[in-house]
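Given these sequences and hints, build the entire structure.
Take a look at the letters that make up each chain.
There are 2 protein chains.
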Amino acid sequence: MAYRVLVWGLGAMGSGIAKNVLRKKELQLVGAIERDPSKIDRDLGEVLGLERSGRRVYSEPEKAILETRPDIVIIATNSFVNEVMPKIELAAKNNVNVLTIAEEMAYPYESNPEESKILENLACKYGISILGTGINPGFVLDFLIIAMTGACLKIDRIKASRINDLSPFGKTVMETQGVGTTPEEFKRGLEKGEIVGHIGFQQSIAMIGNAVGWRIDRIEETREPIISITERKTAVAHVKPGMVAGCRHTGRGFCGDELKIELIHPQQILPAIEGIETGDYIDIYGEPDIHLSIKPEIPGGKGTIALATNMIPEVINAAPGLLNMSELPVPKCLMDDIKEI
Amino acid sequence: MAYRVLVWGLGAMGSGIAKNVLRKKELQLVGAIERDPSKIDRDLGEVLGLERSGRRVYSEPEKAILETRPDIVIIATNSFVNEVMPKIELAAKNNVNVLTIAEEMAYPYESNPEESKILENLACKYGISILGTGINPGFVLDFLIIAMTGACLKIDRIKASRINDLSPFGKTVMETQGVGTTPEEFKRGLEKGEIVGHIGFQQSIAMIGNAVGWRIDRIEETREPIISITERKTAVAHVKPGMVAGCRHTGRGFCGDELKIELIHPQQILPAIEGIETGDYIDIYGEPDIHLSIKPEIPGGKGTIALATNMIPEVINAAPGLLNMSELPVPKCLMDDIKEI
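Those protein sequences? They're chains A and B, same order as listed. The first sequence begins at 64 in the numbering used here and counts up one residue at a time. The second sequence begins at 64 in the numbering used here and counts up one residue at a time.
It is worth saying that the hints were derived from the structure and are not from the lab. Please read these numbers as outputs of a predicted model, since none were measured by experiment. Just to be clear, a hint being listed does not mean it is correct.
Note: identical chains are not told apart, hence a pair may lie in one copy or across any two.
What the hints assert, rightly or not - List of simulated lysine to any residue pairs, SDA-like, C-alpha gap at most 25 Å: (1) Lys188 x Asn145; (2) Lys365 x Ser389; (3) Lys365 x Asp352; (4) Lys102 x Gly190; (5) Lys88 x Asn380; (6) Lys180 x Asn380; (7) Lys222 x Asp346; (8) Lys358 x Ile226; (9) Lys150 x Tyr172; (10) Lys82 x Tyr348; (11) Lys150 x Arg278; (12) Lys217 x Arg278; (13) Lys365 x Pro351; (14) Lys88 x Tyr348; (15) Lys255 x Glu146; (16) Lys358 x Gly338; (17) Lys358 x Ile290; (18) Lys222 x Cys318.
Structure below.
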């Protein structure tokens, strides 16, 4: 029997997850929840640009859960704990497991201790499991780092960076990363909270610290404009020399005054123009030192869709509770259902 | 309360694990089992070259278990399932969890199906967990590959290699890899089973296949001499041009006629002399492709000692059964006990 999966949110990520669920032998897509009027009450397959599926896009979440009786709901609607809380509560009260790509949910205990307690209690009360995951936070700058420390006798310090190319993304991402602004506009955008950079440093640093037993006293974040020397153009962005090509966002975790974890995530369009090689890089200083690189970087969209799909069986099979990636078995690519492809 | 750890075997690996257990906050070294008369009945700390520990080196396994009451025994004595079976059975019958670095135990189900069934039954009967782990098999060419597939929507084919330098190792390793032989001696050594190459390809390929749902019909192994062009010398080996610097061992897993998993492990002394860069390399072909490298390679000795130590809490906390690395939470470097260092 395949696990029954309900997808909440049919944006780029939610649609991608729904399509990926369709191709997996162990999974069965039973419906979706969406608020976009152009998608509501239509056949889910058609909304995804595929053939008719006999499954529906619902506008009323509780009705969707009651009618489709899912084993798990995948929430792909928001980034923050407070935004996804009511959705998780609804699923929990209907005894349905939850996986979400909300970045803060990857490790909510430090940023949202009260909400985490509520969620932990709900999970135990209703016998369900709750996991936040995605490519980052959830994999590259936390899970993979933790895994590499497992091959170390001791670790002193961790430095890692994820250098990616924002070119494939649309206008919203460009705006939240400040692409195409002047340095002055970038500064004002940061102050107003319109330019946010990456969401997840607090979570990744806390997850690593907890896994290796470092008491992280303080997390510092800096967001700096990446000033372009060259002209860079994509379908939706145009950056002239002297303007901002993206946001260099850094998170640093300290034990006392000692820098223990440094995560660097410069996100910009077309870094190759200025000779910058994209990739995921992990340096662990300890015994032994470990220097890992993935070139080019694991693409963010596909990676997040893959992890959200591939972790479904692990969440369903886990003991009840609010979980994080460092507590569950290693993710693995689920088998395709040859018949369905 | 720290977990009580008994180490069985005080060779290079067992001694290293014992020392590493001593420094870890969550772990307590309660004794060791060894058959070398020069070590028996002495203080374990002194045998390890450290200060007195008040813990003993036993020659009688059952007495050691009964007197030290361990939560787990770490078996670091042999490579093959059949060799460690009686030791595991003894631990099981005394309700003690087992972790072993015997390579075949990393995934024994395919190479030793009957013994695996016996071990699985014993584990369930006595409520204990059994795990085989180490740097390879156990981590680089299986666990890490599986983890990377978790970020993929689909995977078509896997190729990975571990290129290492045998220079730090002693005479036994040189002999089992054929270092310093002539090509003719290498060929005869292979035929006689004196040159064995790497132990673990069967296990790694079966573990990966099982994790990603590939039915591996056939595993082929090849062992070829690495003929040196240059003169290479270590403390225990001397290779002249035209002689053998090591063994290029390859394992290939097929689904039908299709090559799905190719693992390459050339082990030689001083590869840098001929411009070969050591490292661990993983290439996953799918959606997306992932190209990972770790340079230099994770050192085998330290990595195995680290994994054997760091997985102890996961084995003790797991549900009873015969386990493998793809079923347990990600390894993480255990905290040092500052007082003890």
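Hint by hint, here is what the structure shows:
1. Proximity of Lys188 and Asn145 under a CA criterion of 25 Å is satisfied intra-copy only: 20 Å inside one chain copy versus 46 Å between copies.
2. Taking CA atoms no more than 25 Å apart as the test, Lys365 paired with Ser389 passes in both settings, with 21 Å inside one copy and 22 Å between copies.
3. Taking the shortest alpha-carbon separations for Lys365 and Asp352, only the inter-copy value of 11 Å comes in at or below 25 Å, while the best intra-copy value is 30 Å.
4. Taking the shortest Cα distances, Lys102 and Gly190 never come within 25 Å of each other, neither inside one copy (32 Å) nor across copies (52 Å).
5. For the identical chains of this complex, Lys88 and Asn380 are intra-copy neighbours only, at 17 Å inside a copy versus 31 Å across copies, given an alpha-carbon limit of 25 Å.
6. Taking identical chains as interchangeable, the C-alpha atoms of Lys180 and Asn380 lie at most 25 Å apart whether they share a chain (21 Å) or sit on different chains (23 Å).
7. For the homomeric pair Lys222 and Asp346, the shortest alpha-carbon distances inside one copy (5 Å) and between copies (23 Å) are both at most 25 Å.
8. In the homo-oligomer, the alpha carbons of Lys358 and Ile226 lie at most 25 Å apart both inside one protomer (10 Å) and across protomers (19 Å), since each shortest distance falls under that limit.
9. Proximity of Lys150 to Tyr172 under the C-alpha cut-off of 25 Å is restricted to the intra-copy arrangement: shortest distance 18 Å within a copy versus 42 Å between copies.
10. Taking CA atoms no more than 25 Å apart as the test, Lys82 paired with Tyr348 passes between copies only; the shortest distance there is 20 Å, against 40 Å inside one copy.
11. For a Cα distance limit of 25 Å, the shortest separation of Lys150 from Arg278 qualifies neither inside one copy, at 32 Å, nor across copies, at 39 Å.
12. In this assembly of identical chains, Lys217 and Arg278 lie within 25 Å of each other by CA distance solely inside one copy; the values are 16 Å within and 38 Å between copies.
13. Proximity of Lys365 and Pro351 under a CA criterion of 25 Å is satisfied inter-copy only: 7 Å between copies versus 32 Å inside one chain copy.
14. In this homomeric assembly, Lys88 and Tyr348 come within 25 Å of each other (Cα to Cα) only across copies, at 20 Å, whereas the closest approach inside a single copy is 41 Å.
15. In this homomeric assembly, Lys255 and Glu146 come within 25 Å of each other (Cα to Cα) only inside a single copy, at 20 Å, whereas the closest approach across copies is 67 Å.
16. Proximity of Lys358 to Gly338 under the C-alpha cut-off of 25 Å is found in both arrangements, the shortest distances being 14 Å within a copy and 22 Å between copies.
17. In this homomeric assembly, Lys358 and Ile290 come within 25 Å of each other (Cα to Cα) only inside a single copy, at 24 Å, whereas the closest approach across copies is 32 Å.
18. Within a single copy, Lys222 and Cys318 get their C-alpha atoms as close as 15 Å, which meets the 25 Å cut-off; across copies the closest is 40 Å, which misses it.
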